[in-house]
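Enquirer: Each chain is listed here by its residues.
Number of protein chains: 6
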Amino acid sequence: MKTISNCFIGCDKPVENSDLLIFGAPYDGTSSFRPGSRFAPDKIREASYGLETYSPDYNMDIEDLSIGDIGNVEFPFGVKDKVFEKIKNCTANLSKMNKKTLCLGGEHLITFPIIEVLNGAYDNLKLIHMDAHADMRDTYIGEKFSHATVLNNISELIGQENIYHYGIRSGTREEFNKIAKYNNLNIKHSELSEKIGDDPVYLTIDLDILDTSILPGTGTPEPGGFSFKELSELLFSFRGFNIVGADVVELAPDYDFTGASSIVAAKVVRNTLCTMLG
Amino acid sequence: MKTISNCFIGCDKPVENSDLLIFGAPYDGTSSFRPGSRFAPDKIREASYGLETYSPDYNMDIEDLSIGDIGNVEFPFGVKDKVFEKIKNCTANLSKMNKKTLCLGGEHLITFPIIEVLNGAYDNLKLIHMDAHADMRDTYIGEKFSHATVLNNISELIGQENIYHYGIRSGTREEFNKIAKYNNLNIKHSELSEKIGDDPVYLTIDLDILDTSILPGTGTPEPGGFSFKELSELLFSFRGFNIVGADVVELAPDYDFTGASSIVAAKVVRNTLCTMLG
Amino acid sequence: MKTISNCFIGCDKPVENSDLLIFGAPYDGTSSFRPGSRFAPDKIREASYGLETYSPDYNMDIEDLSIGDIGNVEFPFGVKDKVFEKIKNCTANLSKMNKKTLCLGGEHLITFPIIEVLNGAYDNLKLIHMDAHADMRDTYIGEKFSHATVLNNISELIGQENIYHYGIRSGTREEFNKIAKYNNLNIKHSELSEKIGDDPVYLTIDLDILDTSILPGTGTPEPGGFSFKELSELLFSFRGFNIVGADVVELAPDYDFTGASSIVAAKVVRNTLCTMLG
Amino acid sequence: MKTISNCFIGCDKPVENSDLLIFGAPYDGTSSFRPGSRFAPDKIREASYGLETYSPDYNMDIEDLSIGDIGNVEFPFGVKDKVFEKIKNCTANLSKMNKKTLCLGGEHLITFPIIEVLNGAYDNLKLIHMDAHADMRDTYIGEKFSHATVLNNISELIGQENIYHYGIRSGTREEFNKIAKYNNLNIKHSELSEKIGDDPVYLTIDLDILDTSILPGTGTPEPGGFSFKELSELLFSFRGFNIVGADVVELAPDYDFTGASSIVAAKVVRNTLCTMLG
Amino acid sequence: MKTISNCFIGCDKPVENSDLLIFGAPYDGTSSFRPGSRFAPDKIREASYGLETYSPDYNMDIEDLSIGDIGNVEFPFGVKDKVFEKIKNCTANLSKMNKKTLCLGGEHLITFPIIEVLNGAYDNLKLIHMDAHADMRDTYIGEKFSHATVLNNISELIGQENIYHYGIRSGTREEFNKIAKYNNLNIKHSELSEKIGDDPVYLTIDLDILDTSILPGTGTPEPGGFSFKELSELLFSFRGFNIVGADVVELAPDYDFTGASSIVAAKVVRNTLCTMLG
Amino acid sequence: MKTISNCFIGCDKPVENSDLLIFGAPYDGTSSFRPGSRFAPDKIREASYGLETYSPDYNMDIEDLSIGDIGNVEFPFGVKDKVFEKIKNCTANLSKMNKKTLCLGGEHLITFPIIEVLNGAYDNLKLIHMDAHADMRDTYIGEKFSHATVLNNISELIGQENIYHYGIRSGTREEFNKIAKYNNLNIKHSELSEKIGDDPVYLTIDLDILDTSILPGTGTPEPGGFSFKELSELLFSFRGFNIVGADVVELAPDYDFTGASSIVAAKVVRNTLCTMLG
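Chains as they are written, first to last, in my numbering: chain A, 1440 to 1717; chain B, 1440 to 1717; chain C, 1440 to 1717; chain D, 1440 to 1717; chain E, 1440 to 1717; chain F, 1440 to 1717.
Calculated directly from the structure, the hints in this document are not laboratory data. Hints should not be assumed to be uniformly reliable.
Which copy is meant is left open, so a pair is good if it fits within one copy or across any two.
What the hints assert, rightly or not - No farther apart than 27 angstroms at their CA atoms in a straight line, the calculated lysine-lysine pairs in the BS3-like style are these:
1. 1668 x 1620
2. 1668 x 1627
3. 1634 x 1452
4. 1535 x 1452
5. 1620 x 1452
6. 1539 x 1521
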């Protein structure tokens, strides 16, 4: 008997035996354009069964790694504070057990409560931010916490100089000016390696960094992005960093009529897992 | 030169000359199943141009009526209190000018702040509730205010005995027990007329009262509902009531691939306008 | 070897052996709302292979009838006069051979050139018009010949008193007033039979007579229409009339995502064939 | 933590405590028109979470019943014999434990191996067959076992006189002649009750018995079928029969763009469960 | 109150204050393959609100520029001469006021009446033609004026030697031979600059120059085209030319299920505006 | 009169006059993920009419070549042995007449019976295998013959050293180890030319070699593949080889909502024909 699978492909290890744990955060409450990233965690898991567990690029097999999947954080829609609290609790519990985490979003705002916890747990936390949008507004329609402000919120926690951006191609003039202050946009691997060293690193991957040709199924598609190969090579280059957590956000499955965007997201997750444990 | 139209078809009268004003409330923050009713107000307006302004059933023409359309209330996503406040302000302003209102939702929760205002403005307010779902839960995933509790919230304001339900076919045993106390489900026109008399009436139309065959484009489709003709006849039977306000909620345009659900919604709005001013 | 089929299911008789010939008129040049009925003739043929040739209602099998399918009239898009000329030539050729015809539209305007020819070929031609829309405007956006005026154009040829309407539920007040003059809307079978007698009859079926629940794939969907069974019973009631021609128009396959509208159209065609030769 | 659910809503009892067990048979190998019913079992389970467990019609709650869900039978595609064998094994195991079964298809052919087993387990087995198509061909494209022959195959096992058909509206003249011999098409409840008495009954529900307006997402849509209410009333009328097994087949989720067909299928399953245990 | 926007994002200046005016020409009457570019002008405006007004590539903000949007030219469908006349009137009016124009098509044929006017208004007009298809046929299905002949029509007005083609990858042997005569296909920027000098330039962008991966939503998709970045770089290279007018044609929104094609089109428009006024 | 076309565009030569014959093999019986490649042969033919017969890259026109199209092999679904037998008969008949063949799949398994025949007809047959997946499993869910094993099956016929793979990016570790033995993955043209020499060559093109951005409409999309241009250049490089047969497999039209995947498939077929006869 085969039943519907609860976990990302190959990530079926018990919590106690796992080095890394996947959890979903199906929140899309501040999405201003096209909602529905709430459906992404389960859809990514489902789509993962169209892939192999083996990656020829990494020469690694997910089944050989110690990864579990604890399902989704559950919360009521429409109440941002409770959502933050639940995500923080989940992250804190895993962090206390010394587990690495990979969170399946949800919208980009879910990165904030995770970083709040990890910033307390690790010294000198660095963030690698892959995205089409700067997300560096001070406020958005009068709100301080939003998918459009999340990187600004995080920069107040860990310092903007500790954030390295890749793929940003959309924002206001003010956002681009803010980013320009630190020269941390699309820097080369050698420079990145030097800056990061052995410090703990968190990867946040807003899937709209990809071009709309390869990932139309997202809340705010922005033409002119990375090809799948370009993102894969970028992720591959992060092997060897001390990556303590990651998230993959902003898949909107209801706009993914062919199912291809979900498969792309699942392969990004698979490659991120290999990078984290490779 | 023809430009994109701002208003529901034929509803282009200035505010001061209007007896009735349309406004949109594009909020879907507590939707638990399929979001996107935020897109409904603009989509309903757009789809209305596929209809005639003349209704042969009512022998009335929208263009002959004094109706304006003031656009949508604007609010940040993810902050329920501010949404309530903005909808209340808008309703209060129109109410002070003695205008009737028709609100294009949005999810069903938007009815609550409207009733809060109208309940203060009118004595003995009655509610006619058309819906597939009871929406009579006390709380939903721990929250008191939600699309699944909204009728319960309203019953605390105006008294459950003043609510008349049509079309309810889904709920928990507790919700059906609650409703059964007052014998107000699917009552005949003669009984309804007697109970309502000349009291002010508010109509709330959750479009999922319709069968999923005619309206698949909604957040929580429930098979076994009204045909379009059945709903039209019900609405037609309300002519002559003292209707002071109405709303049409829960169209989810992103699941309406053929565009037919949006046209259905627009025709329900047209018929509701005729009922209110006929 | 099986190849793509050229003909409506079971309608593979040579022209000389056929009592009735099918042809397509893939014109949608005046469609004002949603174009694409140009794709209908081929799509209806394709969808017909999902049906049986046998109809239990009629106890007739299409394969037992003498019907051929001569394909589509070909014309350049954007030149209405040439389209009319080509459709007239085709109809005239078949009429001279004493063949009955069934035309697969295309938009409703294609009925006009057919009637022009048949009105010359037959005395006392009667028209049975099944439609959601009156199509009785004098002009439409300044044009005399349009899908929205076609019944008015035809009434000038054969006299409005010879047109019997079924299903009309949308139009301007003027159009409904025009129709009301002759009391020919939705009349009972006995009255229709008396009026028609043995006169030659033409059936024009705008598929939007059907409710949008059963036929969303059309240019101008209008909620509140016939169920499939209601239309089937109406068509069945026309057996025994002297039907010399028919058309089935306004399927818009690109809005028929599930394919169901095309199958509905094909079954309407099958039933129309049985009615014509039954 | 909430995880992807493995079971139909509310059907989470352990096998040993269950009176009835659900299993899926995701086979669509002989589908000749539109494949993909293989995806139905999991999709029906997923869609069931958009429904309540409580049915107001039955005044029963699925959660109060003793029902489990053992997932899907797994088999290689393209090898009919092995598929039959696996379904027979599964059915036999459950039958030996005296469990009632409800199978989620898959195409209609999956009913045959189930009946093979149950016909051995029960005397005087009766079949109630709900379907748009007769499925009574002797062979189909040269094959004896196919979705188009399955009722003929079953009639050889249990006798055609023990099969009661509802909703058949498509078939060849030969198939309708076969059925006509036994006068078992759409018979009234009183006659059905008399014929069945206390004998064990199996219900097979091909979802295309429903009209294409309410269920476009199926392999071979056939216009002119039952409304959801008509099917619900038919199912409701079977309460009190000694129903030992049932199946719900031929949902094709990939043609169900709005998701409504899957919800319809799930509600049919919920109502069937209530009928079986009511 | 926010209402449905009438204008392309940020292009809200009054006519008298504008250097450049946007207008729509929603004509698709000669489309031979997939119609629906009539819906493009309004869809491009709507999709533009998913973009920022600021372009980091140009370091320009649309809101800082003097651009207005006067809506769509209105005309009856199916009458090519009237369409031409209306587009010419609109272009002539704007030209007399010394405004630059950007027209949102519609099909490619709408370029012809615009060029007819501008060729009278400017000496030595040059055309830069971006397209997948040569559009250089003499006639198409017997018609001289068609989307498939429009460049040939224009070459008779301004001389083929003044047309510079980019991206052409589909045509007949005859069309490619015609183009080959002037060596004006995909020429380098330096050569183009030399040929154009200070002469007035018109840009016509058939969006199908883009690869079908990035722009599936068009009438005649042709695989093997430009990536979004390649087209963006080409457009960027035209800064400094004396560009007096432009058009962006052939988006077919009804085939753009994910909405991504419309966003691509809107970003092409934004970049074209920056090129014209940069 | 124009009728639905039976043949790939321009491939209308009689069998006796043809050097190359196209046939379809609409089999998808072992598809494990998303079925529906059965619809591909007819859809590719239909989509081909959106292309020109002339290829500027090859400077060849399909209409000038001697190519016929004999339609599809017909077989019952669900019986793999009969499918193999019918494909073998068809291939053998054409081979005896010394015709080259191009087969439109269908799933990848259809290559096996073709190679069985051609391996008997030609000495030293070489295979060029373009694919995302290795298809080199020994068995798949217990079956020896499957879309996932087909290259392994073929390697047992012609020797793995005679198979040259391009584009493989997904498989198990075992499959990649198998392939690695012969160093035949993505080898350069010069090396390929040397190995092949004048030997007879068969091309098998699994369309999922293409990136999911350009071909989402396939059974098992795998991100990170070839662009259309890269595949076109690879195919172009095979001119001059002694190509005796080819197939193009695994288009799944039901997941190709925009129609672009089918057009891509048709252009791959057109280019393959030019390569074979160039």
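Enquirer: If a hint holds in the structure, say so; if it doesn't, say that too.
Expert: Okay, the hints, checked on the actual structure:
In this homomeric assembly, residue 1668 and residue 1620 come within 27 angstroms of each other (Cα to Cα) only across copies, at 26 angstroms, whereas the closest approach inside a single copy is 29 angstroms. Within a single copy, residue 1668 and residue 1627 get their C-alpha atoms as close as 17 angstroms, and across copies as close as 21 angstroms, so both meet the 27 angstroms cut-off. In this assembly of identical chains, residue 1634 and residue 1452 lie within 27 angstroms of each other by CA distance neither inside one copy nor across copies; the values are 34 angstroms within and 47 angstroms between. In the homo-oligomer, the alpha carbons of residue 1535 and residue 1452 lie at most 27 angstroms apart inside one protomer (18 angstroms), although the nearest pairing across protomers, at 35 angstroms, exceeds that limit.
With identical chains, the CA atoms of residue 1620 and residue 1452 are never at most 27 angstroms apart, being 44 angstroms at best within one copy and 33 angstroms at best between copies. In this assembly of identical chains, the alpha carbons of residue 1539 and residue 1521 lie at most 27 angstroms apart only when taken from the same copy (23 angstroms versus 37 angstroms across copies).
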